[in-house]
Amino acid sequence: MAIKTYVLVCGGTACESTKSRELYDALVRELREQGAENDAQIVKTGCFGFCEKGPVVKFLPDETFYVNVAAADAKELIAEHVIKGRPVKRLMYDSEQSKKRAKIDDIQFYQKQFRIVLRNCGVINPESIDEYIARDGYKALEKVLFEMTPEQVLKELEISGLRGRGGAGFPTWKKWGFCRDVKSDQKYMICNADEGDPGAYMDRSTIEGDPHSILEAMTIAGRTIGASCGYVYIRAEYPLAIRRLEVAIEQANAYGLLGEKILGSDFSFQIELRLGAGAFVCGEETALIHSIEGSRGMPTPRPPFPAVKGLWGKPTVINNVETLANIPVVILKGGGWFAKIGTETSKGTKVFALTGKINNSGLIEVPMGTTLREIIFDIGGGIRNNRKFKAAQTGGPSGGVIPEQFLDTPIDYENLAKLGSIMGSGGLIVMDEDDCMVDVNKFYLEFTVDESCGKCAPCRIGGKSMSLILDRITAGNGTDADMPKLLEIGKAMSKASLCGLGQTAPNPVVSTLRYFQDEYLAHIRDRKCPAGKCKDLVHYLITDACIGCGVCARKCPVNCITGQKRGKHVIDQTKCVKCGECFKACKFSAITRG
Amino acid sequence: MATTVHCQINGIPVEIPAGTTILKAATQAGVKIPTLCYHPDLPAWAACGICVVKSEGSPKMLRACATPVAEGMKVITHDPEIVQVRKSVLGLILSTHPNDCLQCPRNNNCELQTLASDFGMRELAFQRRVLACPKDTSTTSIVLEPEKCIKCGRCASVCQGMQNVWALEFIGRGENTRLAPAGDISLNDSPCIKCGQCTAHCPVGAIYEKDETQAVWDKLADKDVYTTVQIAPAVRVALGEAFGYEPGTVLTGKIYAALRRLGFKAVFDTNFTADLTIIEEGNEFVKRFTSNKGLPLLTSCCPAWTDWMEKFAPDFVDNFSTAKSPQQMLGAMAKSYYAEKIKMDPKKIFMVSIMPCTAKKFEISRDKAMSSTGFQDIDISLTTRELARMIKAAGIDFRNLPDEACDSILGEYTGAGTIFGATGGVMEAAVRTAYFLVTGTEMGDVNLLPVRGLEGVKEAVLNVAGKEIRIAVAHQMGNVEAVLELLRADRKAGREPRFHFVEVMACRGGCIGGGGQPYGATDEIRAKRMKGIYADDVASKHRCSHQNPHIAKIYKEFLGEPNGHKAHQFLHTHYQKRPEYKK
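Just so you know, the sequences run in chain order A and B.
So for the first sequence, my numbering puts the first residue at 28; every next one is plus one.
So for the second sequence, my numbering puts the first residue at 20; every next one is plus one.
These aren't lab readings, by the way, just hints derived from the structure by calculation.
Check before you lean on any hint, since a few could be wrong.
Claimed, not checked - One side of the interface only, derived from the structure: several residues of chain B facing chain A at Cβ under 8 Å:
1) Ala63
2) Glu75
3) Ser77
4) Met80
5) Asn118
6) Gln146
7) Phe189
8) Gly414
Stated by the list, open to error - If you want the ones that stay clear, here's a sample from chain B, every Cβ over 10 Å from chain A, calculated:
9) Gly68
10) Gln103
11) Ile488
Quick reminder that beta carbons are idealized off the backbone N, C-alpha and C, glycines included.
Based on the sequences and whatever the hints tell you, model everything.
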């Protein structure tokens, strides 16, 4: 009897953390115990992107999409859906229109997405090279080896308009071309998988879901630039991605798709992994190179650029994971096809890790030029708890905030830069009216202060100095001189820091000063935090409207509210921890926040 | 591909070889760009951000120290925006620097202080935050004071790159970044060889020589102590820099005079025992060369080099000349022969040495042989910089001092003794005497030009009485490993060593570029100091150590034969393998 149903279980890190591994085991067990082994096959895939609702499971061929599935649901899913062919309605995604939806394409989260990078994520078993090959895997490599010259590859990339997805958006064909033009006995191809922005996990998911696409792209790059050796520099905190890469490398070697004389051609290429200890700065090209070389991960001045003098002093191309994942598609479908997607200057798609105060957080891929409004309200399902949107933060600690008035700006490299932010690697954090823009910056600055390698003075000292000023402002000790001082340090850092980390570290502060100056002024002059986040500036008071119901006193975690039954209650300000629970709990608006 | 590129610096056209940095192009155009972490001895580390400039048409600022000029580049080195950025960066650096210039060893000689003054920094722009970290006073030579460190990285670059010692490294991250031995152990437990090049390159007072001037003042004040002093060859051509003299000015007579005015009872010259070293080492060489045993002979008068060898190349222990350094020989002779001569209890003699060197502070107690007289032969070793401070503290008008002579018997020297101060000098002096010892005749032209100058490794082949003597001279520790590798290859292949005699000095340029010399040494200054050394050589009555009549006298009256029993008792030592890291 032929297999009728394929059950795809997400095996990404996010779903594994919500116990998808147990679910997978339970499904396999149930299938066996219910005697349906010949009817269905359980497949563990990479990330589906809809991490908000994990673990997620998709049934093929009918495309039924289940969310928040637990191991305990396995019995029912096998009995009902596999054996009786009846979808389990209670486990299907319940959208905001409260209509049960069966097919994945009906879910708004996926409707506006366009998947090139994530084409195989959630579709194939990432530990099976056969499944990758079945989806046209390694076909691009074959084409490059036997039908194209390196010049043709470069030309195709140039036509595609593909730009580096690691942050700065440098045209990929140029980077490869520079390296190809340098004469050297040895060159290297490095995949930068040192993803470090807080909350960003595009690269991890891509590798976890489709490791072969990276290996294939690296091999294509090696062939084009003339390198015989490649390294994937990946952080040690990504154990699943590392394991899948190891499996993939072993399989590719066994299939003759890596190693000596690939596919019988005259081209040999090997790939090794190098594990990073997780320093954010090691995502910077020169620091990454030094880290691989066994030195301290500190940037050095460019030029010389790695394409001329990189790893071990040899010409080296370093591409980000997402950039590489695009390459096989560009080769197979053609640069012209790729260039039709996106905007004038930014072609193709962009993967974002959508997080924050949003209903559907997760991993999404959209064509360049999609607006923030589409991402946040259509794909993301809008703001949680019907709160008001305040700003979106892109580019992580190197980026800036984008306020409401720019929600309809098509997202591409240039537009984001104009707004004072950057594309970055693709973190997208949504903030609502309860987020304090001064406070948010403290988080980002603390991150860059922690992650500064300490080499150059502007970054090492500037970041900390800004952070100290923000501490003062949020503690109610700000002065009028603080805002100009923040801008002065910001300028010194952006102009005089050695590497991108320091140059962009002031971006969050500078962009909030641009769009949310009033909030800074409220903190500094009025000693108030409009969002109610900065505890030193918030006071809760009970007014005469209090009827003495006692709900606030019961909610208070530190028992600082007292009062007689049906009498007015009082908050002991010396004990209050400003958690706001009483404020939220009071049904009579008798508690004020000021 | 030696091409030239054309650029403009503030509108001034400049033509320079491709690859030249903006900073060097600007210097050529006569434009000064302020720098802080940059040092001409070292590859640009590009840490401080002070030297930023603009290139017309680019929104970025570029580091002049590290950015090569591109064809057609139009560089702007100064405009209000650039000045403001530099000032902000400087303000940030000052916010992490302790406010104790008046107590700092670099007061009035600090590159950060000079910049702050140039930029007119009048207030603390940002909240001060100084890294709390204790001083490292573990070595006898060098003090590391992390609080003052501005993380320019020069010391690490010197220690690792120039010197190949790897005692200092960046540790910690972000604002907790420090320079310390790897593993955060003490300097004394690290592979540090005390060469002091870190102290000579530090732009501020974060790593400096251990100041022992007070102990010397105390002895000078003690009536029961007979304080004596010696000055090393390289001191005479560099001390003047502290008093406004051009580098390389030979000031031997004024230095003797200053030392007397400080209160020293007897003033000796290390050059004398440099001559003595040559007799001992020259005889040692001739013995090894003629018997073809124990070759190559390696010089051992540089204590940083001997320390390096004992830690990193102990396979060469047997090749080391056992002759002590001139400093130690003088101490030994002062507390034995000289004491006998003036009928003084050696216990009362206090011997101070003035050295261009921080490692000499370590050498005086490096092992038992340094106390050959029954007392520590040298009691305190001061650097040239410390002597300058003492002269200034005493209020001595150095420039107007008369030239004086030094005390006799441990003072008179030949030109061979004085050239010990420059790289190649020991070799040249040894050759002058070895030639005489082998042939019985004097060399015609005693100038051995191939071993002079700043090239890292110098080689020469000499023909002495029909025999070939192959010599090599290396200076700056980082250049030495390659020479040792060649010798190891010969040893492994069972060949005769390609060099018979090798001189090594740990510091660039030899002792004239020593870690204890006045600040600011560059190759230009080193060359001037060397010129002074060779001028002193030429001006000497005798130019070969064996011609020094007082040397003959000391053998006759006291030591007996060169390499003889008494010579070994006082003038020789031995070497042994030591761990790179102490437990």
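Hints, verified against the model:
1. Given hint, Ala63(B) at the interface with chain A, holds; its Cβ is 7 Å from that chain's nearest Cβ, closer than 8 Å.
2. Taking 8 Å as the C-beta contact cut-off toward chain A, the hint placing Glu75(B) at the interface is violated, the least distance being around 16 Å.
3. The restraint placing Ser77(B) at the interface with chain A is violated, with a minimum CB-CB distance near 11 Å, outside the 8 Å limit.
4. Of the supplied interface hints, the one on Met80(B) holds, with its beta-carbon coming within about 4 Å of a beta-carbon of chain A, less than 8 Å.
5. Hint status for Asn118(B) relative to chain A: violated, with the closest Cβ pair at about 16 Å, above 8 Å.
6. Here the hint on Gln146(B) is kept, as its CB sits about 5 Å from the closest CB of chain A, short of 8 Å.
7. At about 6 Å, the closest approach between the beta carbon of Phe189(B) and any beta carbon in chain A falls short of 8 Å, and the interface hint on this residue holds.
8. Interface restraint check: Gly414(B) against chain A, minimum CB-CB distance 39 Å, threshold 8 Å, status violated.
9. Not every Cβ of chain A is farther than 10 Å from the Cβ of Gly68(B); the closest lies at roughly 3 Å, contradicting the non-interface assignment.
10. Distance to chain A contradicts Gln103(B) as a non-interface residue, since its nearest Cβ pair spans about 8 Å, not more than 10 Å.
11. The non-interface label for Ile488(B) is consistent with chain A: the shortest C-beta to C-beta separation is roughly 38 Å, beyond 10 Å.
The structure is inconsistent with the numbered hints 2, 3, 5, 8, 9, 10, although it conforms to all the rest.
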